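> Here are the chains, one letter per residue:
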Amino acid sequence: MRLIESIRKNNYETVSIIGLAKNAGKTMTLNYLMEEAANLNIKTGITSTGRDGENTDLVTQTQKPSISVIEGMYVATAKKTLMLSNAKTEILETTGISTAMGEVIIVRVRQKGNIQIAGPVTAKDMKYVAGRLKYYGAEVVFIDGAIDRKAVSSPVITDACVIATGAVLSRDMKKVLEKTAHAVECYSLKGTDEHVKNIVRKTNKTCIISENGKVIVPDIATSITGGKKISELIDEKTSHVFVKGAVTSTMLKELWENKHLRGIKLIIEDGTKIFTDINVWNEMRRKGLKVEALNTINVLAVTLNPVSPEGYFFDSNVLKENMKKVLPGIKIVDVAWGGDED
Amino acid sequence: MDNIQKVDLTKIKPYGDTLNDGMVQMSFTLPVPYGDEASEAAKQLAEKMGFDDPAVVFSKDLGVGYTYFVMYGKCTHTVDYTSIEVPKVDMEFMEREEVEEYISKNIKRDVVIVGACTGTDAHTVGIDAIMNMKGFDGNYGLERYKGINAINMGSQVPNEELIAKAIEVKADAILVSQVVTQKDVHIANLTQLVEMMEAEGLRDKMILVCGGPRLNHELAQELGYDAGFGSGSYANHVATFVVKQIVERMS
Chain L
1 MRLIESIRKN NYETVSIIGL AKNAGKTMTL NYLMEEAANL NIKTGITSTG RDGENTDLVT
61 QTQKPSISVI EGMYVATAKK TLMLSNAKTE ILETTGISTA MGEVIIVRVR QKGNIQIAGP
121 VTAKDMKYVA GRLKYYGAEV VFIDGAIDRK AVSSPVITDA CVIATGAVLS RDMKKVLEKT
181 AHAVECYSLK GTDEHVKNIV RKTNKTCIIS ENGKVIVPDI ATSITGGKKI SELIDEKTSH
241 VFVKGAVTST MLKELWENKH LRGIKLIIED GTKIFTDINV WNEMRRKGLK VEALNTINVL
301 AVTLNPVSPE GYFFDSNVLK ENMKKVLPGI KIVDVAWGGD ED
Chain B
1 MDNIQKVDLT KIKPYGDTLN DGMVQMSFTL PVPYGDEASE AAKQLAEKMG FDDPAVVFSK
61 DLGVGYTYFV MYGKCTHTVD YTSIEVPKVD MEFMEREEVE EYISKNIKRD VVIVGACTGT
121 DAHTVGIDAI MNMKGFDGNY GLERYKGINA INMGSQVPNE ELIAKAIEVK ADAILVSQVV
181 TQKDVHIANL TQLVEMMEAE GLRDKMILVC GGPRLNHELA QELGYDAGFG SGSYANHVAT
241 FVVKQIVERM S
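Which chain is which? The protein sequence lines are L and B, in order.
Quick note: the first sequence uses the numbering used here, first residue 1, plus one each step.
Quick note: the second sequence uses the numbering used here, first residue 1, plus one each step.
No lab work stands behind these hints, which were simulated from the structure alone.
Since the model is a prediction, treat every value here as computed from it, not as a measurement.
Glycine included, C-beta positions come from ideal geometry on N, C-alpha and C.
Hints should not be assumed to be uniformly reliable.
What the hints assert, rightly or not - One-sided excerpt, in silico: chain L residues whose CB lies under 7 Å from chain B: (1) 96; (2) 99; (3) 100; (4) 122; (5) 123; (6) 124; (7) 218; (8) 220; (9) 222; (10) 245; (11) 246; (12) 248; (13) 273; (14) 275.
Claimed, not checked - Calculated from the model, a selection of chain B residues having no Cβ within reach of chain L, i.e. all distances over 10 Å: (15) 31; (16) 167; (17) 250; (18) 251.
Put together the whole structure using the sequences plus the hints.
Right under this line is the structure:
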């Protein structure tokens, strides 16, 4: 089944595109998905966290592909970027959300052309804008997560995500594979049991849950620095530990000092909350750390861009084959070479 | 005097001895041993960069097979100055006394601001210029402001510690300074801070401001910050932005 078909079949209304680095091929992925959607006459809406579709990159000054839109699409973008676009559009709403490029405006495309998008930068505003795009008639909303912002892929905002990765991550293909595998692992954490979810949702704070259902809420301002206190409260009766907010290396190490942690499950909000160092994470997972998520993220596919703007590239087929080995069961699309799907 | 050449702002290029001669002086190092071949390599490279008549005016053996060059060349490109638009923090900046008065009139409590130079960056010059009592270039820093509780955490502060501190002191605003920009490490640092703030559910509860010589308001907003301040910014600029934002968000 093609990517766009599985989006429709699962009724995913908001899909985010997350790049693991700048120039990992997000815009190519977005163009690819929009083209596929257009072929099936699916009405799409697009927006971006931060600016995208400009000709040169603001940070690396490299050439970037532009975003091409056709009649009937819905776009949420800032006023100034809209004026730089050559697609003809009709204004539907001014949202009052401000960005460096002016207020975010929702438009319908009347005549095809290229467009730049600079949408809202906070997760909260993004949720609102995605809702408005759907309200006007977009069947699927694509959110382009500019730079390497990942908060937008949080399940609170989007139903599913596509991860864009590529040669730009490292000159060493092994590192590209490792970083991509880590990201996919974090994003595809399995959901925890319903009864635990209910307890956690009711408490809505970092808490320690015992086998008999007893819940202890530690007196901490944030889990980031609360590792020691949480660790002190874990005993042999503990079955789950829920950590609200960011999960950092320091915190994981502090938790790990409690030997009971090996037998229990660590519950986190979702995969976008993991900020640990890859090595720390992998070592703990190897030693038996069990992690589950309160809200799961649907990773639809991983897209590859085998070319780095720094001037080196990988053999597209070799990269794809290796990626398949480290990510069994995940759909892999090489968007740079025409997007053949298996 | 009438025949003095006027500057055409739609086609500006570097000035050396005469208008529009395009003269550029540049310096760089090549990983090749000192000698005539090295100078030739530097010349060819400058040609590839698009310079006319490149000339090596100075070269020095750096040892271990490296050579340093100073070169002249004529730039062949022009820029349309009239079409340039740089987004800036667009507001009337208040002076220190005005900020203090504004706080006591409109906010009626102390404003808490936590600042740090994050990641591996050890350059406190930026954050100190804005926060330290003595300030910079005749402009006192935030520590001197009545009504502002400024906490400067110094340099090499991990993002998680900065956030933890901000939560502990119930900060109204976080200032983050990034001076080192090699391999775009500042982008990774700044992005991680925003992501962590989103993860902690704090992003829309605190004002997030970044600053540094390679930062500007446009990039800051793209990264998800409320404002960005580049070179030539002083404490009163940052203070004005923060206090106005607090009042805006109160309504």
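> All the hints need checking, so say for each whether the structure fits it.
Hint check results:
A distance limit of 7 Å between C-beta atoms decides the matter here; for residue 96(L) the minimum to chain B is near 13 Å, and the interface restraint is violated. Because the beta carbon of residue 99(L) sits about 6 Å from the nearest beta carbon in chain B, less than 7 Å, this interface hint is met. The interface hint given for residue 100(L) is met, as the beta carbon of that residue sits about 3 Å from the closest beta carbon of chain B, less than 7 Å. Because the closest C-beta pair between residue 122(L) and chain B is about 5 Å apart, less than 7 Å, the hint holds.
Nearest Cβ of chain B to the Cβ of residue 123(L): about 5 Å, under the 7 Å cut. The hint holds. The restraint placing residue 124(L) at the interface with chain B holds, with a minimum CB-CB distance near 5 Å, inside the 7 Å limit. The criterion of a C-beta within 7 Å of any C-beta in chain B is not met by residue 218(L), whose closest approach is roughly 15 Å, and the hint is violated. Below 7 Å, beta-carbon pairs count as interface contacts, and residue 220(L) has none with chain B, the closest being about 10 Å; its hint is therefore violated.
The restraint placing residue 222(L) at the interface with chain B holds, with a minimum CB-CB distance near 5 Å, inside the 7 Å limit. The closest approach between the C-beta of residue 245(L) and any C-beta of chain B is roughly 4 Å, which is under the 7 Å cut-off, so the hint is satisfied. Interface hint at residue 246(L): satisfied, since its Cβ lies 4 Å from the closest Cβ of chain B, which is below the 7 Å cut-off. Taking 7 Å as the C-beta cut-off, the interface hint given for residue 248(L) holds, the closest approach to chain B being about 5 Å.
Contact between residue 273(L) and chain B, as hinted, is supported at the beta carbon level, the nearest pair being about 4 Å apart and thus within 7 Å. The interface hint given for residue 275(L) holds, since its Cβ lies 6 Å from the closest Cβ of chain B, which is under the 7 Å cut-off. With 10 Å as the threshold on Cβ separation, the claim that residue 31(B) sits away from chain L holds: the shortest Cβ distance comes to roughly 17 Å. Residue 167(B), annotated as away from the interface, has a beta carbon of chain L within 10 Å; the closest lies near 5 Å.
Interface exclusion of residue 250(B) from chain L stands, the closest Cβ pair being 17 Å apart, more than 10 Å. For residue 251(B), the requirement that its beta carbon stay farther than 10 Å from each beta carbon of chain L is met, with the minimum near 14 Å.
Hint compliance for this structure: hints 1, 7, 8, 16 are broken, all remaining hints hold.
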